[in-house]
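One-letter residues, chain by chain:
2 protein chains.
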Amino acid sequence: MEAEMAFIEKTIDSSIVYEGPIFKIRKYKVESVNGEPAYRDILEHGGGATMIAIKDDGKILAVRQYRKTLDRVVLELPAGKRDPGETTRETAVRELREETGYLAHDVEYLTTIDPSVGYSQEMLDIYVCRGLTEGETDFDSTEDLDLVEYGADEFYDMVLNNKIQDAKTALAILFARAKGEI
Amino acid sequence: MEAEMAFIEKTIDSSIVYEGPIFKIRKYKVESVNGEPAYRDILEHGGGATMIAIKDDGKILAVRQYRKTLDRVVLELPAGKRDPGETTRETAVRELREETGYLAHDVEYLTTIDPSVGYSQEMLDIYVCRGLTEGETDFDSTEDLDLVEYGADEFYDMVLNNKIQDAKTALAILFARAKGEI
Numbered sequence: 000m001e002a003e004m005a006f007i008e009k010t011i012d013s014s015i016v017y018e019g020p021i022f023k024i025r026k027y028k029v030e031s032v033n034g035e036p037a038y039r040d041i042l043e044h045g046g047g048a049t050m051i052a053i054k055d056d057g058k059i060l061a062v063r064q065y066r067k068t069l070d071r072v073v074l075e076l077p078a079g080k081r082d083p084g085e086t087t088r089e090t091a092v093r094e095l096r097e098e099t100g101y102l103a104h105d106v107e108y109l110t111t112i113d114p115s116v117g118y119s120q121e122m123l124d125i126y127v128c129r130g131l132t133e134g135e136t137d138f139d140s141t142e143d144l145d146l147v148e149y150g151a152d153e154f155y156d157m158v159l160n161n162k163i164q165d166a167k168t169a170l171a172i173l174f175a176r177a178k179g180e181i
Numbered sequence: 000m001e002a003e004m005a006f007i008e009k010t011i012d013s014s015i016v017y018e019g020p021i022f023k024i025r026k027y028k029v030e031s032v033n034g035e036p037a038y039r040d041i042l043e044h045g046g047g048a049t050m051i052a053i054k055d056d057g058k059i060l061a062v063r064q065y066r067k068t069l070d071r072v073v074l075e076l077p078a079g080k081r082d083p084g085e086t087t088r089e090t091a092v093r094e095l096r097e098e099t100g101y102l103a104h105d106v107e108y109l110t111t112i113d114p115s116v117g118y119s120q121e122m123l124d125i126y127v128c129r130g131l132t133e134g135e136t137d138f139d140s141t142e143d144l145d146l147v148e149y150g151a152d153e154f155y156d157m158v159l160n161n162k163i164q165d166a167k168t169a170l171a172i173l174f175a176r177a178k179g180e181i
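Protein sequence lines, in the order shown, are assigned to chains S and X. Quick note: the first sequence uses numbering that gives the first Met the number 0, first residue 0, plus one each step. Quick note: the second sequence uses numbering that gives the first Met the number 0, first residue 0, plus one each step.
One or more hints might be untrue.
Copies of the same chain look alike in the list, so a pair counts if it works inside one copy or between any two.
Straight-line alpha carbon distances no greater than 25 angstroms define the calculated BS3-like cross-link-like pairs of lysine-lysine that follow [to be verified]: (1) Lys58 / Lys178; (2) Lys9 / Lys58; (3) Lys23 / Lys80; (4) Lys26 / Lys58; (5) Lys54 / Lys9; (6) Lys54 / Lys178; (7) Lys178 / Lys26; (8) Lys9 / Lys178; (9) Lys26 / Lys54; (10) Lys23 / Lys162; (11) Lys80 / Lys28; (12) Lys28 / Lys54; (13) Lys80 / Lys26; (14) Lys28 / Lys178; (15) Lys162 / Lys178; (16) Lys28 / Lys9.
Please keep in mind that the hints were generated in silico from the structure rather than gathered at the bench.
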């Protein structure tokens, strides 16, 4: 079944309505499909990277971190925001080192995800990191991360048994398994 | 490897710093792990549902919709925000009808995802909908959706070939395939 292109909303005007440390909110006034103006609140976010980092023994690195959003500790793959001027491949290497201490010498692009297309510009590039050598962690002093590791089958089973709800983590593991990477 | 529990950040204070039609932003002042106060901006969102709706002929329903966030048309599974007082199962049935016109008579819970745990409270419950009967669409007059449909193998291949970046859609398809649902 072929579809016509959906209507493209032209911007009439836009302005920043909130600016915080992690993201800004921009309100767009757009021309909507019925000819009336409509408003879209968009979270501006510079994107980032998520890493499936696989040790030489096959174990996959993960972090357990308290998330204020859910008010609980969440198990996640290492991930982080892109710094200005950085490629997401550079983000992947930097954030992996900061969060886990491991330096990745073999970094392979896997896929890209848009976590919340309804309201957020965030895009995450997912990488598979191998050839890891141990070093020192270096994370934000107001954050606390516990480093953990799982075998690929164990990680995959946790996803299928609804033990992992973090979208980037579940998606990365399912995608990597479907592609035969883990 | 067993991990200690990561540090839980107690709330010292919080206030709404932005209120829009789709979400609010609440700024929390928290007690961080180093004893200093830290601030966390959290997007408050009531959650919603995403649906893998499978017709009797095996085709899976999807929608193509312009998204201001990415300034392009995005292919997605039908989805929507939970209305107050609604269960996400009710959201799934209502949104499927509104966006595609189909009424689902068999609705099975698949899994739950948290799209952006770093800054958003959003949680999406994913359902598999079968026993579909055709009816009328009923969506927001400022929105434009094109209904499309794909066979399960074709949909799965689009995910694996990086044609689908929308996280809920890619994750739902990968998860359903891994579970043998599609």
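Now for the hints, and whether the structure bears them out:
Both within a single protomer and between protomers do Lys58 and Lys178 lie at most 25 angstroms apart by alpha-carbon distance, with minima of 18 angstroms and 23 angstroms respectively. In this assembly of identical chains, the alpha carbons of Lys9 and Lys58 never lie at most 25 angstroms apart, being 48 angstroms within a copy and 33 angstroms across copies at closest. For a Cα distance limit of 25 angstroms, the shortest separation of Lys23 from Lys80 qualifies both inside one copy, at 14 angstroms, and across copies, at 22 angstroms. For the homomeric pair Lys26 and Lys58, neither the shortest alpha-carbon distance inside one copy (44 angstroms) nor that between copies (37 angstroms) is at most 25 angstroms.
In this assembly of identical chains, the alpha carbons of Lys54 and Lys9 never lie at most 25 angstroms apart, being 48 angstroms within a copy and 34 angstroms across copies at closest. With identical chains, the CA atoms of Lys54 and Lys178 are at most 25 angstroms apart within one copy only, with a shortest distance of 18 angstroms there and 27 angstroms across copies. For the homomeric pair Lys178 and Lys26, neither the shortest alpha-carbon distance inside one copy (39 angstroms) nor that between copies (40 angstroms) is at most 25 angstroms. Taking the closest pair of Cα atoms, Lys9 and Lys178 never come within 25 angstroms of each other, the shortest separation being 38 angstroms inside a single copy and 41 angstroms across copies.
Taking the closest pair of Cα atoms, Lys26 and Lys54 never come within 25 angstroms of each other, the shortest separation being 44 angstroms inside a single copy and 38 angstroms across copies. In this assembly of identical chains, Lys23 and Lys162 lie within 25 angstroms of each other by CA distance neither inside one copy nor across copies; the values are 31 angstroms within and 28 angstroms between. Proximity of Lys80 and Lys28 under a CA criterion of 25 angstroms is satisfied inter-copy only: 21 angstroms between copies versus 28 angstroms inside one chain copy. Taking the shortest Cα distances, Lys28 and Lys54 never come within 25 angstroms of each other, neither inside one copy (48 angstroms) nor across copies (37 angstroms).
With identical chains, the CA atoms of Lys80 and Lys26 are at most 25 angstroms apart both within one copy (22 angstroms) and between copies (19 angstroms). For the homomeric pair Lys28 and Lys178, neither the shortest alpha-carbon distance inside one copy (41 angstroms) nor that between copies (42 angstroms) is at most 25 angstroms. With identical chains, the CA atoms of Lys162 and Lys178 are at most 25 angstroms apart both within one copy (22 angstroms) and between copies (15 angstroms). In this homomeric assembly, Lys28 and Lys9 come within 25 angstroms of each other (Cα to Cα) only inside a single copy, at 9 angstroms, whereas the closest approach across copies is 38 angstroms.
The earlier numbered hints that this structure contradicts are 2, 4, 5, 7, 8, 9, 10, 12, 14.
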